[in-house]
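J.: Below, each chain spelled out in residue letters.
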Amino acid sequence: MEEHFENEMNLEFISKSANEAFARISVAAFASQLDPTIEELADIKTAVSEAVTNCIIHAYENKIGIVKICAKLKQDEIIVQISDNGKGIEDIQLAKEPLYTTKPNLERSGMGFTIMESFMDSINIESIVGVGTKVTMSKKIKKEETNQEELSQMTSMP
Amino acid sequence: MESKFYEKDKLLVFKITEEIDDHSVQKIRRKADYEIERFMPKRVVFDFNCVTFMDSAGIGLLVGRYKFANLLGAKLEVTNLTQSVNKIFEMSGILRLIPITTLEESIA
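Residue numbers (our numbering), protein chains in the order written: chain A, 1 to 158; chain B, 159 to 266.
Honestly, the hints are just simulated from the structure, not real lab data. Being a predicted model, the structure only gives us computed values, none of them experimental. Keep in mind that the hints are not guaranteed to be accurate.
Label pairs and their computed distance ranges (CB to CB) [stated by the list, open to error]:
#1 ARG196(B) / ASP76(A): 45 to 55 Å
#2 LYS189(B) / ILE14(A): 37 to 47 Å
#3 ASP76(A) / MET249(B): 18 to 28 Å
#4 ASP76(A) / LEU229(B): 27 to 37 Å
#5 GLU77(A) / LYS168(B): 25 to 35 Å
#6 THR175(B) / LYS96(A): 46 to 56 Å
Heads up, simulated SDA-like pairs for lysine to any residue below, C-alpha to C-alpha not over 20 Å straight-line [to be verified]:
#7 LYS245(B) / THR37(A)
#8 LYS233(B) / GLU176(B)
#9 LYS103(A) / ILE252(B)
#10 LYS185(B) / PHE30(A)
#11 LYS245(B) / GLY110(A)
#12 LYS185(B) / GLU165(B)
#13 LYS245(B) / ALA28(A)
#14 LYS189(B) / GLY231(B)
#15 LYS87(A) / SER122(A)
#16 LYS63(A) / GLN184(B)
#17 LYS200(B) / LEU255(B)
#18 LYS233(B) / ILE258(B)
#19 LYS96(A) / GLY251(B)
#20 LYS140(A) / GLN33(A)
#21 LYS189(B) / LYS68(A)
#22 LYS245(B) / GLU40(A)
#23 LYS103(A) / LYS185(B)
#24 LYS63(A) / ALA28(A)
#25 LYS16(A) / ILE258(B)
#26 LYS68(A) / THR37(A)
#27 LYS103(A) / TYR224(B)
#28 LYS16(A) / GLN184(B)
#29 LYS185(B) / ALA21(A)
#30 LYS245(B) / ILE38(A)
#31 LYS68(A) / GLY88(A)
#32 LYS173(B) / ILE258(B)
#33 LYS74(A) / LYS16(A)
#34 LYS72(A) / GLU12(A)
Chain A side only, calculated, beta carbon under 10 Å to chain B, not exhaustive [unchecked claim]:
#35 LYS72
#36 LEU73
#37 SER109
For each residue, glycine too, the CB sits at the ideal point set by N, CA and C.
Only chain A is shown next, with the shape it has when bound in the complex (with noise of 0.2 Å):
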């Protein structure tokens, strides 16, 4: 059976840096129904900047093709899946080495999966060589404790 998700969006764009924006803050905006802290929007925002960043300088590195991104939104959940037809990731396991590059001549930092995976809950990398890599991120949005008491608070009197 199909899960249900309460609600879900769907952005596609050329692979150009310039879309870099764009892409993160519409992701942004659209987590804002959870009501997020800013450090945890912050959190999003960077993720995505750098899935998407790879989409850009190493799937399609300097061909045009398509990024796309759905977003869904369970309960407290965010979850996130970037994904585009490039050349694929070799070996996923040292592509995820902190400080790992192909491009250090570009001054990359290698720093991208190892953001992703400590700005968000969980991470998972599918790739295929030749046929394109699909990156799936999710966050649990924390609900602030002080509002859960106060909830609380009123629901108990009288």
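Starting from the known structure of chain A, arrange chain B on it as the hints suggest.
T.: Just chain B now, kept in the frame of chain A:
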């Protein structure tokens, strides 16, 4: 990005005013390298006070400028790190290479 050179102190300050990602670093990098070569400072300071967003492209940018400045005999420092910028700096370990500094009020 705005830049200002203080002749007396041989200090070159770059105030980054844009979001830092793979797109914007290309312009920042060109301008920074051009100015470092032009002024030949002893100290180069990147001011992050107005930076509302930075991803790992910012780390690549700084490591690159660190090497370039070093080559020309200048020291690289950073100042006014915002919370989100600091988070990425700390994760990268770059602060072992590039110290955080404060600028005198007359300069900042």
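J.: All hints, please: hold or fail.
T.: Checked hints:
Under the hint 45 to 55 Å, the C-beta atoms of ARG196(B) and ASP76(A), about 52 Å apart, fit the expected range. Look at LYS189(B) against ILE14(A): about 27 Å separates their beta carbons, and that is not inside 37 to 47 Å. A C-beta distance of roughly 25 Å is found between ASP76(A) and MET249(B), which places it inside the suggested range of 18 to 28 Å. The beta-carbon spacing between ASP76(A) and LEU229(B), approximately 50 Å, falls outside the hinted interval of 27 to 37 Å.
Evaluation of the 25 to 35 Å hint for GLU77(A) and LYS168(B) yields a failure: the beta carbon distance comes to about 52 Å. Separated by about 33 Å at the C-beta atoms, THR175(B) and LYS96(A) break the suggested range of 46 to 56 Å. Between LYS245(B) and THR37(A) the CA atoms are separated by roughly 15 Å; this keeps the pair inside 20 Å, and the hint holds. Pair hint LYS233(B) plus GLU176(B) does not hold up; C-alpha atoms about 23 Å apart against a cutoff of 20 Å.
For the hint linking LYS103(A) to ILE252(B), the alpha-carbon distance of about 19 Å falls within 20 Å, and the restraint holds. Distance hint between LYS185(B) and PHE30(A) is unfulfilled; the C-alpha atoms sit about 29 Å from each other, more than 20 Å. Of the pairs offered as hints, the one joining LYS245(B) and GLY110(A) holds, with about 16 Å between alpha carbons and a cut-off of 20 Å not exceeded. Distance hint between LYS185(B) and GLU165(B) is unfulfilled; the C-alpha atoms sit about 24 Å from each other, more than 20 Å.
Between LYS245(B) and ALA28(A) the alpha-carbon distance is near 18 Å, which keeps this suggested pair within the 20 Å criterion. Between LYS189(B) and GLY231(B), the direct Cα distance comes to roughly 18 Å. Compliance with the 20 Å bound is thereby established for this hinted pair. Taken as a hint, the LYS87(A) and SER122(A) pair is broken in the structure, with Cα atoms around 24 Å apart against an allowance of 20 Å. For the proposed pair LYS63(A) and GLN184(B), the alpha carbon gap of about 18 Å is at most 20 Å, so the pair holds.
With a CA separation close to 17 Å, the supplied pair LYS200(B) and LEU255(B) stays within the 20 Å bound. Taking the CA atoms of LYS233(B) and ILE258(B), the gap is about 12 Å. The hint holds against a cut of 20 Å. Distance check on the hinted pair: LYS96(A) and GLY251(B) sit about 17 Å apart at the alpha-carbon level, within 20 Å; holds. A threshold of 20 Å between alpha carbons decides the hint, and for LYS140(A) with GLN33(A) the separation of about 13 Å falls inside it, so the pair holds.
Distance check on the hinted pair: LYS189(B) and LYS68(A) sit about 32 Å apart at the alpha-carbon level, beyond 20 Å; violated. For the given pair, LYS245(B) sits about 12 Å from GLU40(A) by alpha-carbon distance, which is consistent with the 20 Å threshold. With a C-alpha separation of about 19 Å, the suggested pairing of LYS103(A) with LYS185(B) holds against the 20 Å cut-off. Between the alpha carbons of LYS63(A) and ALA28(A) the distance comes to roughly 27 Å, so the proposed pair goes past 20 Å and is violated.
A hinted pair counts as satisfied when its Cα atoms are at most 20 Å apart, and LYS16(A) with ILE258(B) does not qualify at roughly 33 Å. For the proposed pair LYS68(A) and THR37(A), the alpha carbon gap of about 26 Å is over 20 Å, so the pair is violated. Among the hinted pairs, LYS103(A) with TYR224(B) is consistent with the structure: their alpha-carbon atoms are about 18 Å apart, no more than 20 Å. Straight-line distance between C-alpha atoms of LYS16(A) and GLN184(B) comes to about 13 Å, which keeps the hinted pair within the 20 Å bound.
Restraint check for LYS185(B) and ALA21(A): the C-alpha separation of about 15 Å stays at or below 20 Å, so the hint holds. Taking the CA atoms of LYS245(B) and ILE38(A), the gap is about 13 Å. The hint holds against a cut of 20 Å. At most 20 Å may separate the alpha-carbon atoms for a hinted pair to count; LYS68(A) and GLY88(A) meet this at roughly 15 Å. Among the hinted pairs, LYS173(B) with ILE258(B) is consistent with the structure: their alpha-carbon atoms are about 14 Å apart, no more than 20 Å.
Proposed proximity of LYS74(A) and LYS16(A) is contradicted: the alpha carbons are some 30 Å apart, above 20 Å. At roughly 15 Å between alpha-carbon atoms, LYS72(A) and GLU12(A) fall within 20 Å of each other, so this suggested pair holds. Using the Cβ-Cβ criterion of 10 Å, the hint placing LYS72(A) at the interface with chain B is not satisfied: the shortest such distance is roughly 23 Å. With a cut of 10 Å, the hint placing LEU73(A) at the interface with chain B is violated, because the nearest CB-to-CB distance is about 22 Å.
Given hint, SER109(A) at the interface with chain B, holds; its Cβ is 4 Å from that chain's nearest Cβ, closer than 10 Å.
Checked against the numbered hints given earlier, this structure breaks hints 2, 4, 5, 6, 8, 10, 12, 15, 21, 24, 25, 26, 33, 35 and 36; the rest are met.
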